[in-house]
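> Below are the chains, spelled out letter by letter.
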Amino acid sequence: METATMLPEVTAAGVIIKAVLILAVIAAIAGFGTYIERKVLAFMQRRLGPQHVGPFGLLQLAADGIKLFTKEDIIPQHANKIIFAVAPVITAATAFIALAAVPVFPDFTIPLLDIYVPSIASDVNVGILFVLGMMAAGLYGPLLAGMAQANKWGIIGSARTAIQFLSYEVVTGLSILAPIMMVGSLSFVDFNNYQADGTWIVVYQPVAFVLFLIAGYAETNRTPFDLLEHEAEIVSGYVTEYSGMRWGLFFIGEYANMITIGVIASIVFLGGYNDFWIFPGWLMIIAKIAFSFFFMLWVRAAWPHIRPDQLMWLCWKVLMPLAVVNVVITGIVMMIVG
Amino acid sequence: MSLEQFKNRNVGTQNYVKLDLDHTPTSGWCQFKQVVKRTFKPELFVGLWVTLREMINALFRGKMHTTQYPFEKLPISPRYRAIHDMLRLLESGHYRCIGCGLCEKICIANCITMETRYDENQRKEVSEYTINFGRCIFCGYCAEVCPELAIVHGQRYETASEQRASFSLFEDMLTPIDQLNLQQEYQGFGAVSPNADENIKKTPLAY
Amino acid sequence: MSEVQTVDNMVTISIDGVEYKAKEGEYILNAARANDVFIPAICYLTRCSPTLACRLCLVEADGKQVYACNTKVKDGMSVTVDTPNILEERRAMMEVYDVNHPLQCGVCDQSGECELQNYTLEMQVDSQTYAIKDTERHTANWSSVLHYDAGLCIVCERCTTVCKDMIGDSALKTTKRGGDKLDKSLKDSMPKDAYAMWNKLQKSIIAPSNGTGSTDCSDCGECIAVCPVGALVSRDFQYTTNAWDLKRIPAVSAHSSDGFAIYYETKPRSISDRREKIFRVTNEWNFVSLDGSARFGYDFENEDVTKDEKAFANAVEALKKAETIRFNSVISNEEALMLQTLKEKLGVKLYNPEVRPFQKFLKLYSEASGKSLYNSDSTKAMKCDFVVSVGGALRNDSPGLKYAFNNIQKMNKGAGLYFHPVGDKLIPTFGKNVEMFIHKAGLEEASLYLLLDLFADKSKLPADVKDYIESFENGKLIDMLGGDSEKFMAGFDKMMKKKEKFVLMVGEDYYGHPKAENLAKLIVLLEETAGFEVVMNPPKSNALGVALICDLDDEATGYTVGYNENGDFRLSALGDGDLDLPAFNQQEGTVTTLSKRVVPTNVAIDYGGYVLNDLMAELVDAPRLTIDWTPYLPTDKGYKSVAFDDLANSFDNAGNDNRGYLLDVTTKEVELPSVEKFDENATLEGDIVYRCNPPRQFSDFSDKAHQIFEAFGLYASEERAKELGSKVEVVFENGSIEVDVVVDKKMEGNIVALSDFKSAQNVYELFGESRYATVTIREV
Ligand code: SF4
Ligand code: SF4
Ligand code: SF4
Ligand code: SF4
Ligand code: FES
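Chains as they are written, first to last, in this note's numbering: chain A, 27 to 364; chain B, 73 to 279; chain C, 252 to 1031.
Bear in mind the hints are in silico, worked out from the structure with no lab data behind them.
Beta carbons: idealized from backbone N, C-alpha and C, even for Gly.
Be careful, since some hints might not be right.
Claimed, not checked - Footprint (simulated), chain B over chain C, 3 or more residues, beta carbon under 8 Å:
#	stretch
1	355–362
2	466–480
3	628–637
Said to hold, decoys possible - In silico DSS-like pairs for lysine-lysine, Cα to Cα no more than 27 Å straight-line:
#	chain 1	residue 1	chain 2	residue 2
4	B	Lys273	C	Lys438
5	C	Lys676	C	Lys717
6	B	Lys273	C	Lys661
7	A	Lys65	B	Lys145
8	C	Lys661	B	Lys274
9	C	Lys676	C	Lys661
10	B	Lys274	C	Lys384
11	B	Lys135	A	Lys65
Unchecked claim - So, partial list: chain C residues that the calculated Cβ filter (under 10 Å) puts toward chain B:
#	residue
12	Asn351
13	Glu373
14	Asp377
15	Gln379
16	Asp829
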């Protein structure tokens, strides 16, 4: 808390720069994420993955981008045109807005202009709530998209969105409640600082961590919980009728959310951007986010997805009770220790 | 893999492995037990390990599976029936086709057309020969019927082209004369059977 | 003398236990074929004499092994086609044929329709027991059309037989092969007939009979047609396609008036050019023999024609203002009917110098005889045993009648008389009972009087005629006609021995003859008093059809539209006119043949332009298709009201011509005509030119065909040609023409023959109606 007071003043310019930075970098990373995903999945299946566009296939994402941008934009005849058009934007926007309250890089000052760029675009003191809230708001993207497109698969997709996102929001909230209780703040910066001594919260809260991860996967619509658009069952779920850049926006949103989850997990449970041994803080945070991203892919390569009923069963009968128990135990322990 | 395995049509005698599946849980408690068992048994981690191991195999142990197709090609069976080749006589280099027209006759897709004429050496010359590959169904009858082992199926299976006609003229199919030494006999339809000698009755000759 | 098949001359035989009816005196093989029973046979040709070369037709008749092709059926005969012994014999024969036969079916032109292939399979020859050293056998080109590969020849002698018995040229013979003698031991170990067959086979091979390397024949190609293997092939056709790729289109030959049944065999001309092309012409050689024009003169189609609307409009205008339409006989019945319709509706004149004299002559004949048409035809003629040809250069004008003339000599032990001012060295070679009279032009009536003298039942003759004939001293007529009366009368009894059926062939000379009416009447007298059947040779192509359908005029006046002929506006199927029309191989329609048969012909080559029917639709009124005219052919002339598509077009296994239908011939009773005496001094003197084409040439169409190369020219015997030099100017009363002199080695005498097949040369104008003209010939 003391360190914060020593920081230079946060100017509007700095915030805008930070915002642009986040947008640019995260969007790029989200795109890059698709490349990494394909590569990693390929390697795990002993394939080569994309490799012809650019060195090691790096420019594949540029090629995909060009493709997505130039593809014909089709809006189905009976779709609700406005909602259909807005839905992908909701997904992408909420994903990026959520990132506003997440410290993405350590702060720095642009040397010549003397503009201070904060580590976080807007250090709202209810950061975590804001982020989780924004991500939860993201559910309107798939929901509206599925309902607007006048397609059975879309409807099923959006129905699944509703149950899956709403249910797991509970688990996310409850699981993260325990660390919040320990830190006593909703600000990410405080979480980071709390672990500055080198002891990660995951050590105290392993159950909360696991629950958070599971719930996070469900909320980002990742295997094994990718029920919203599971091809084998519902063609493409809520994105069935989408094409071109509209379709692309959903994926930028999804990948941005994956990063957000990675960031939250790293900051809340895995020691944040504190230096670690000889590694500087910025490297540590990148490494952690990267690993958590990689883990998502790894899981996708290794595990099958589950049925909707199993998903609900897991949420309400296993994870939610566990989370509640975890909160209670944490409270008791805090009472005894504190 | 040997052909024998495929020829065995007695279902049940192959090396099938039966999965030892658990019984489906009947009560809620059983289901819970199953979940707990599955959660804490390292099965999930086995899955993670397998994928990671394969990744390591692929990346560092050179066990990548991919064949980079247009640059690398897998060998195909010598009996494969792709775009036809017209073979030459090894001794003289003259094309083998005598223009008998049997392939033209037998072709069920009716896609072979040829022109012949009486040439300067009083022989039947095949002046042009084409196969319409838009129609050919690669049945191999032409190779089978050819008495001269002249028309055979080659190994060119990439038939995407702006003009299929570009595969199909006599000179396109004919072994280039400078590659005569590389010419392979075809082993598929129409090839001489390995025991042909035994099956043939000798005609008596008076000299 | 009637040809009606009564139940009397049918006998009953049984083949393999089944009873069949057969004509008495028929060979077993023909009787079996007529009843659709298969007996293997290679060497036998229907209508020719059996040669017993192949011996495959071995059957058992009443317990004895006989050759089906030369044993006549007897009432109650019981025939077994296969006995174990015969099967063994046949298999051995096929094995023998396969010994040393080159394994070259792959390139052989006959492959696919080769009787050696077929019978080898039929007898299931899959291995060979016999061997003998091969003799070197060469290939040779025998003429412009014939290619002979001795290596492939199985010496079935079909080629020599057809050439001798049917064509009459006898240009081929068997000669020594110089092969090894058969091993004596085989005689006992081999089936008997197979051994005998092989023994003969080893000794002979085929060669031109004149001892040179080339045949010097009429290039009809019939030997090619009958050859069961690939030994004789057409040089032009050789190696150009395989038989099974060809589409067969039944049609009628467009050139001679015989209306030969042919098949155009077509396929796309090349890989890049998919337009159909005629590769060859084939025929049912057992039942019809072609001449060279029919077989080789097939590629006269009007190529690459599209609908030229301007030319069409011009043609309509031209026909509207035309006073005359000039045409020739290369035209179908339907087109003739269209022109006749134009005459009726628009009043144009129809001018056809080729057919007009024939039409007039037919009219004279039917007035005198009461018959609407002559009563014989070429098939009936072949069954006669005494044949007389008058007024025609048989070899040039009428291949079908020439074959009949020859066949009568060979098959019916017949005799023949040939009266013509132009000698033909080939005719006497047809048989030893053939007498040729080379008489002076103008003495045609005398020849008929001689025939009356020789054959007529004098009691039936009108008294004046009888007296007139008797006024000639012994043999005076014969001598007058260029014969040797003593010698002739000495041999005549022998000629007449056992002769029952007489036929008179009347040629084109008579039609335009100044005394045509008298000639027609004399012919009727001959018919009535001497029992002659009469067949006339329509000048060309469909001349009979034109003569019957069109009402022709004697001269052309005013603005003339020529159809394949000269005119102010030219409709032409030759590709050189003002409006293109389809050639004969691009049309469907019917043709009236010499044998009074209305036969259908079909489209072999696509045609993209206008047809005459389109002009008709524009000018008067027309049904949709040309063949829709077919049922409207004039029934009062003998045509029947039958739709084109209902016309049959085939021969049956007994060889009956079932194509189309026969014209109805009506007869009414008339008095015997009264004839005039003839003027002994009305002969032509000086240089005489005869309007006559070389064999194989009939019209611009035969000339257009690439394998018909006989030149337009002045044909002369060798001696006469020497006198004339190489190029001459022939000066007629009303014009002159410059032509090359061409030697015809078979011609005899001083008269020269001027071709008329090029319409552009207008030879008909020079001659007028008569085929003879006195001229001055100058060397240039
Ligand atoms: S493979 Fe079959 S279809 Fe193709 S050309 Fe040969 S015969 Fe015809
Ligand atoms: S079958 Fe063989 S030899 Fe005969 S034409 Fe065809 S390719 Fe030529
Ligand atoms: S003649 Fe007949 S058997 Fe002889 S090579 Fe020709 S097709 Fe074959
Ligand atoms: S050339 Fe032909 S028709 Fe003549 S003998 Fe030989 S095989 Fe017979
Ligand atoms: S057909 Fe009778 S012997 Fe040849």
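> All hints, please: hold or fail.
Taking the hints in turn, this is what the structure says about them:
| no. | hint | verdict |
| --- | --- | --- |
| 1 | 355–362 | holds (count 4) |
| 2 | 466–480 | violated (count 0) |
| 3 | 628–637 | violated (count 0) |
| 4 | Lys273/B x Lys438/C | 25 Å, holds |
| 5 | Lys676/C x Lys717/C | 34 Å, violated |
| 6 | Lys273/B x Lys661/C | 47 Å, violated |
| 7 | Lys65/A x Lys145/B | 23 Å, holds |
| 8 | Lys661/C x Lys274/B | 46 Å, violated |
| 9 | Lys676/C x Lys661/C | 17 Å, holds |
| 10 | Lys274/B x Lys384/C | 16 Å, holds |
| 11 | Lys135/B x Lys65/A | 16 Å, holds |
| 12 | Asn351 | 8 Å, holds |
| 13 | Glu373 | 20 Å, violated |
| 14 | Asp377 | 8 Å, holds |
| 15 | Gln379 | 5 Å, holds |
| 16 | Asp829 | 36 Å, violated |
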